[in-house]
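Just so you know, the sequences run in chain order E and G.
Per my numbering, residue 12 is the first one in the first sequence, and the count goes up by one each step.
Per my numbering, residue 71 is the first one in the second sequence, and the count goes up by one each step.
Quick caveat, the hints were computed from the structure, so don't treat them as lab data.
Mixed in with the good hints, there may be bad ones.
[Stated by the list, open to error] Under the rule of at most 30 Å between Cα atoms (straight-line distance), these lysine-lysine pairs were calculated in the DSSO-like manner:
1) E:Lys13 with G:Lys164
2) G:Lys286 with E:Lys122
3) E:Lys13 with G:Lys286
4) G:Lys286 with E:Lys78
5) G:Lys107 with E:Lys84
6) G:Lys164 with E:Lys84
7) G:Lys286 with E:Lys192
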Amino acid sequence: MKVAVIDYGMGNVFNVERALQAIGCYVTITNDPVVIEAADAILLPGVGAFPQAMQSLNETGLIPLLKRSAQEKPFLGICLGMQLLFESSTEGIPTEGLGLIEGRVERMRAKRLPHVGWNSILRDEDVYFVHSYHVVTDPVNVIASADYMGEDVPAIVQKGLVTGMQFHPEKSGAFGLSLLKEWKEAVEREITTGH
Amino acid sequence: MLKRRIIPCLDVKDGRVVKGIEFVALRDIGDPVEIAKYYDASGADELVFLDITASTERRQTMLDVVSAVARKVFIPLTVGGGIRSLEDISSLLKAGADKVSLNTLAVESPDLIKQAADRFGSQCIVIAIDVKFEDDEYFVYTYGGKHRTELRAVDWAKQVAALGAGELLVTSMNQDGRQSGYDLRILDLLRDAVDIPIIASGGAGNANHVVDALEKVDAALLASILHDRKTTVEEVKHVCSEHNLPMRFVTTPTD
Numbered sequence: 012m013k014v015a016v017i018d019y020g021m022g023n024v025f026n027v028e029r030a031l032q033a034i035g036c037y038v039t040i041t042n043d044p045v046v047i048e049a050a051d052a053i054l055l056p057g058v059g060a061f062p063q064a065m066q067s068l069n070e071t072g073l074i075p076l077l078k079r080s081a082q083e084k085p086f087l088g089i090c091l092g093m094q095l096l097f098e099s100s101t102e103g104i105p106t107e108g109l110g111l112i113e114g115r116v117e118r119m120r121a122k123r124l125p126h127v128g129w130n131s132i133l134r135d136e137d138v139y140f141v142h143s144y145h146v147v148t149d150p151v152n153v154i155a156s157a158d159y160m161g162e163d164v165p166a167i168v169q170k171g172l173v174t175g176m177q178f179h180p181e182k183s184g185a186f187g188l189s190l191l192k193e194w195k196e197a198v199e200r201e202i203t204t205g206h
Numbered sequence: 071m072l073k074r075r076i077i078p079c080l081d082v083k084d085g086r087v088v089k090g091i092e093f094v095a096l097r098d099i100g101d102p103v104e105i106a107k108y109y110d111a112s113g114a115d116e117l118v119f120l121d122i123t124a125s126t127e128r129r130q131t132m133l134d135v136v137s138a139v140a141r142k143v144f145i146p147l148t149v150g151g152g153i154r155s156l157e158d159i160s161s162l163l164k165a166g167a168d169k170v171s172l173n174t175l176a177v178e179s180p181d182l183i184k185q186a187a188d189r190f191g192s193q194c195i196v197i198a199i200d201v202k203f204e205d206d207e208y209f210v211y212t213y214g215g216k217h218r219t220e221l222r223a224v225d226w227a228k229q230v231a232a233l234g235a236g237e238l239l240v241t242s243m244n245q246d247g248r249q250s251g252y253d254l255r256i257l258d259l260l261r262d263a264v265d266i267p268i269i270a271s272g273g274a275g276n277a278n279h280v281v282d283a284l285e286k287v288d289a290a291l292l293a294s295i296l297h298d299r300k301t302t303v304e305e306v307k308h309v310c311s312e313h314n315l316p317m318r319f320v321t322t323p324t325d
């Protein structure tokens, strides 16, 4: 399975690449539309601030292609990459996102931010988070949440072919890799049955 | 619920882990990858690699170590020791480090903390603060504890947090190596001063010392008590858990 990891200069993409390779994906870090078109799935990584990320993404000229691809093949956003899937963010200058899932990104209310470290989701398994903003969306889009200082943190979101993970599966040990594997297997089912 | 973290710290010299003695389960007790896998399987929440190489080849050697470990072990990796520039940080992150730990460089060029946080994100900038209590004050030391600065630990912590540091790694020089417990007072003072996560270091002699520290701060760095097999990560976590500290236990088997 070929995964195109979108290269737009925001954050460390190498560990995402290593984790995908470890579970048997063929990975290309790229901003080449031809490579993205040819991939079986797209991964949007991201670390940093929302407005700069959208600006950098805009400068690649890839946004129309990414929006179209998200309707056609599996698309995974990780950390800031998940936040970019939504319609808007209030981080810094209010900015429009990709709008692939309805909802917005807001600063968390917790006194102690960022939310850094291992927190439990799903069946009480822990994953590694680093962020200060979270998404606000219809619960129907939320597959898993974490609790941080009494605040609900959407951790995995999904709508159609688009999936988002607020934590770093590539840094969440064996459980994180197992989540990436589940996603990979879902993509493979999509390849064989979807088109 | 957010978990407290247990972080083994490995000293690396010329590409090999040193001071790691009693690892009976490992084929090669100096191999960073083997040791990292061992700690990952035993429940370590992160790993810190401290480069104590003195030679000029240190940079490439450490990059090779980080890159080899990052291909096999998927938990956060922090690298400290001898980082001199933004370019050093950039190459470590590319090699597979998730965070870098800065000490002397941060004290000598505080602007660099802001530049590094702006360029790479606060999440990967750990500021290591070596503190020594003397003359009724906690002073910040640099150059591996050899040079006393005029900085007070609390003031410095506030300053680095404002400059964009993502976490603090606080080592008590009074307690380091004594195995009689962490300096809980400085942890209290820093906890009140900043909101970013604090990692306690220096002084742990047993799991109960770790409990004392984790009742105040977010994470504990452990070296000799793990390497000498006085205890294990799992054992420490169980003791912490008995004291109602939220800990992460690994349930998904590693391949």
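Status of the hints after comparison with the structure:
Note on Lys13 (chain E) and Lys164 (chain G): the hinted pairing holds, with a Cα-Cα distance of about 22 Å set against a maximum of 30 Å. About 16 Å separates the Cα atoms of Lys286 (chain G) and Lys122 (chain E), which keeps this hinted pair within 30 Å; it holds. Taking the CA atoms of Lys13 (chain E) and Lys286 (chain G), the gap is near 46 Å; set against the 30 Å cutoff, the hint is violated. A distance of roughly 46 Å separates the Cα atoms of Lys286 (chain G) and Lys78 (chain E); the hinted pair therefore is violated under the 30 Å criterion.
The suggested pairing of Lys107 (chain G) with Lys84 (chain E) is violated, with an alpha-carbon distance near 35 Å, which exceeds 30 Å. A hinted pair counts as satisfied when its Cα atoms are at most 30 Å apart, and Lys164 (chain G) with Lys84 (chain E) qualifies at roughly 29 Å. Taken as a hint, the Lys286 (chain G) and Lys192 (chain E) pair is broken in the structure, with Cα atoms around 37 Å apart against an allowance of 30 Å.
The structure does not agree with the numbered hints 3, 4, 5, 7 stated previously, though it agrees with the rest.
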